[in-house]
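*Asks:* Chain by chain, the residues:
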Amino acid sequence: MSHLDTGRNQTQNSGVLSIEPGSPPAGLAIRQQRRAMSSQSEEFDAFYHATNRRLLHQMYAMTGNLADAQECVQEAYARAWQHWKSVQQAADPAAWVRTVAWRIAASRWRKARNGVKAFARHGRPEHSQPPSPDHVALVSALRNISEEQRRAIVLHHLVGMSVDEVAREVGAPVGTIKARLSRGRAALAELLRDEPVGGDADVH
Amino acid sequence: MTEPDQLQEGLRALESDLLDVRLAGPEAARRRGRQRTRHRTAAVVGGLAIVAAAGFLNPLESRTGGEPPPAAPATRVDRTPATTSTPSIPAMTEDVLLDAADLEPQDGGWQATGTPWAGQGPFACAPGGAEGADEAMLASFAPAEEGRLDQVVERYHSPGDAEARFDEVRAAVAECASQLDVATGGRPEFWQLAGVGDAAWVAGYWTSETAGEARRRVEIGVVWTGTAVTHVTWGFLAEDSIEPVVTDATVAAAEKLCVAAGGACVSDPVLEPDAAASENAS
Chain H
-12 MSHLDTGRNQ TQNSGVLSIE PGSPPAGLAI RQQRRAMSSQ SEEFDAFYHA TNRRLLHQMY
48 AMTGNLADAQ ECVQEAYARA WQHWKSVQQA ADPAAWVRTV AWRIAASRWR KARNGVKAFA
108 RHGRPEHSQP PSPDHVALVS ALRNISEEQR RAIVLHHLVG MSVDEVAREV GAPVGTIKAR
168 LSRGRAALAE LLRDEPVGGD ADVH
Chain B
12 MTEPDQLQEG LRALESDLLD VRLAGPEAAR RRGRQRTRHR TAAVVGGLAI VAAAGFLNPL
72 ESRTGGEPPP AAPATRVDRT PATTSTPSIP AMTEDVLLDA ADLEPQDGGW QATGTPWAGQ
132 GPFACAPGGA EGADEAMLAS FAPAEEGRLD QVVERYHSPG DAEARFDEVR AAVAECASQL
192 DVATGGRPEF WQLAGVGDAA WVAGYWTSET AGEARRRVEI GVVWTGTAVT HVTWGFLAED
252 SIEPVVTDAT VAAAEKLCVA AGGACVSDPV LEPDAAASEN AS
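Those protein sequence lines, which keep their order, are chains H and B. In terms of my numbering, the first sequence has 147 at position 160, counting the first letter as 1, and numbering is strictly consecutive. Each number in my numbering comes from the position in the second sequence (counting from 1) with 11 added on.
Next up, chain H with everything else stripped away, as it sits in the complex (with noise of 0.2 angstroms):
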């Protein structure tokens, strides 16, 4: 137990974990404690079987890359289970694995963009049937638009949250979001007009 002298109303505390008369035995503590982490492991398991179909989703329509999304929204739930306490605290803990999943996404463009490795594939996913024409066109033109006139269109178009509730999740004024999903769109329709079907561009 050591003392520290402040000159004035001094406490002390030593760090030191003690039992009191009536705490229960260790073992007893233990036991308790890994009930308590299987319950959460049960509940974040739950979570994931819940939300991890439509977050995919959401992801591949924002990143424009199947194995993007899936690597993305992998490593969001990994580090939601490192937060768990406070991502079950959350409003809307699907929306905070999101916003970590596009964070991810964000980051590794900006490194890909400055020339340091990007994704780290491990194969892209395999498909018994390869995507419709329409798909591949509606992906690519995606690809084309802005990051974040992206975000903004699989927001409000897909999760169907109201440009309030996007400007919310995204950090930006109203004002913002209604021009990305203005100028998403347009852009959107021109490319989806020009485009030749198939027609891609690796922007990222």
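These aren't lab readings, by the way, just hints derived from the structure by calculation. We put the CB at the ideal spot given by N, CA and C, even for glycine. Treat the hints with care, since some could be wrong.
So the derived label-pair ranges between C-beta atoms look like this [stated by the list, open to error]:
hint, chain 1, residue 1, chain 2, residue 2, range
1, H, 162, B, 275, 18 to 28 angstroms
2, B, 168, H, 147, 46 to 56 angstroms
3, B, 120, H, 160, 37 to 47 angstroms
4, H, 163, B, 224, 26 to 36 angstroms
5, H, 150, B, 20, 18 to 28 angstroms
Lysine to any residue pairs mimicking SDA-like chemistry, simulated, CA-CA at most 25 angstroms apart [said to hold, decoys possible]:
hint, chain 1, residue 1, chain 2, residue 2
6, H, 72, B, 113
7, H, 165, B, 14
8, H, 72, B, 275
9, H, 72, B, 44
10, H, 165, B, 24
11, B, 267, H, 165
Just so you have them, the derived chain H footprint on chain B, three or more residues with Cβ under 8 angstroms [what the hints assert, rightly or not]:
hint, region
12, 15 to 23
13, 34 to 40
Since the structure of chain H is provided, determine the placement of chain B on it from the hints.
*Replies:* Okay, now just chain B, sitting in the frame of chain H:
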């Protein structure tokens, strides 16, 4: 595909591309989460230091050279003020402070540090103690990897005094972090933490301190409850701002404070963006 309905339909239809795609599953995510570490450098360990001294800690000073000094405006947050429903602390004991076990959910390997922290906050824009407090206590901790976390608890004569201090800390951190933003190119994040104490607020920002590819990230939580204010400052090196701010320690600090006062003041904490502070910062 130009009309909103068509666009919505097209986006929804992309789901069929995922039919044969499976993520690795929750167990793999939990395993990766456990293995994953922030990019931190040297390990820091130690004992526990507590300072109890009204007037000992200087208010709101910045320690890091070259960082903008914190301003100390005292604008008030919009809320229903002054009448508190949370318990007030008659006199403080060490029960009001966090201990290492309280921090376990927020990464692992926390230990109390023996290094006294006196006079100034440990990182740029971190709040110090207040001269106007009747009583103040401090605890400092370090995780197994690089970083540190400091908690200050201050007790005031009245809830109104504590509320004013809460507003002072919040405004000073927001203004200071916004100046840092200009220097570092990152955007500070400000949040209201509903359901905690009479009011709670959280900030996350970057300082100009670097180590290789990593930069210093600071996350601060401030809670006002009854006649007390507690603030928790966590600084660590990281490469990017991926996660929103972590509130575990702030919530735990509020819980300890209220339990020590013989009551409870945490129910369903929810983070909500502090639009006003963000607007002022931009």
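*Asks:* Each hint: holds or not?
*Replies:* Consistency of the hints with the structure:
With their beta carbons about 42 angstroms apart, residue 162 of chain H and residue 275 of chain B fall outside the hinted range of 18 to 28 angstroms. Distance hint check: the CB atoms of residue 168 of chain B and residue 147 of chain H are about 50 angstroms apart, consistent with the given range 46 to 56 angstroms. The supplied range of 37 to 47 angstroms is met by residue 120 of chain B and residue 160 of chain H, whose beta-carbon atoms lie about 41 angstroms from each other. Checked against the given bound of 26 to 36 angstroms, the beta carbons of residue 163 of chain H and residue 224 of chain B, roughly 30 angstroms apart, stay inside it.
At roughly 20 angstroms, the beta carbons of residue 150 of chain H and residue 20 of chain B sit within the given window of 18 to 28 angstroms. Of the supplied pair hints, the one linking residue 72 of chain H and residue 113 of chain B holds, its CA atoms being roughly 12 angstroms apart against a limit of 25 angstroms. Restraint check: the Cα-Cα separation between residue 165 of chain H and residue 14 of chain B comes to about 15 angstroms, which is no more than 25 angstroms; the hinted pair holds. Restraint check: the Cα-Cα separation between residue 72 of chain H and residue 275 of chain B comes to about 19 angstroms, which is no more than 25 angstroms; the hinted pair holds.
At most 25 angstroms may separate the alpha-carbon atoms for a hinted pair to count; residue 72 of chain H and residue 44 of chain B meet this at roughly 13 angstroms. For the proposed pair residue 165 of chain H and residue 24 of chain B, the alpha carbon gap of about 24 angstroms is at most 25 angstroms, so the pair holds. A C-alpha spacing of about 44 angstroms is found between residue 267 of chain B and residue 165 of chain H, which places the hinted pair above 25 angstroms, so the restraint is violated. Against chain H, the region 15 to 23 of chain B contributes 6 residues with a C-beta closer than 8 angstroms to a partner C-beta. That satisfies the three-residue criterion, and the hint holds.
With a threshold of 8 angstroms between beta carbons, the proposed coverage of the region 34 to 40 of chain B by chain H holds, since 7 of its residues qualify and at least three are required.
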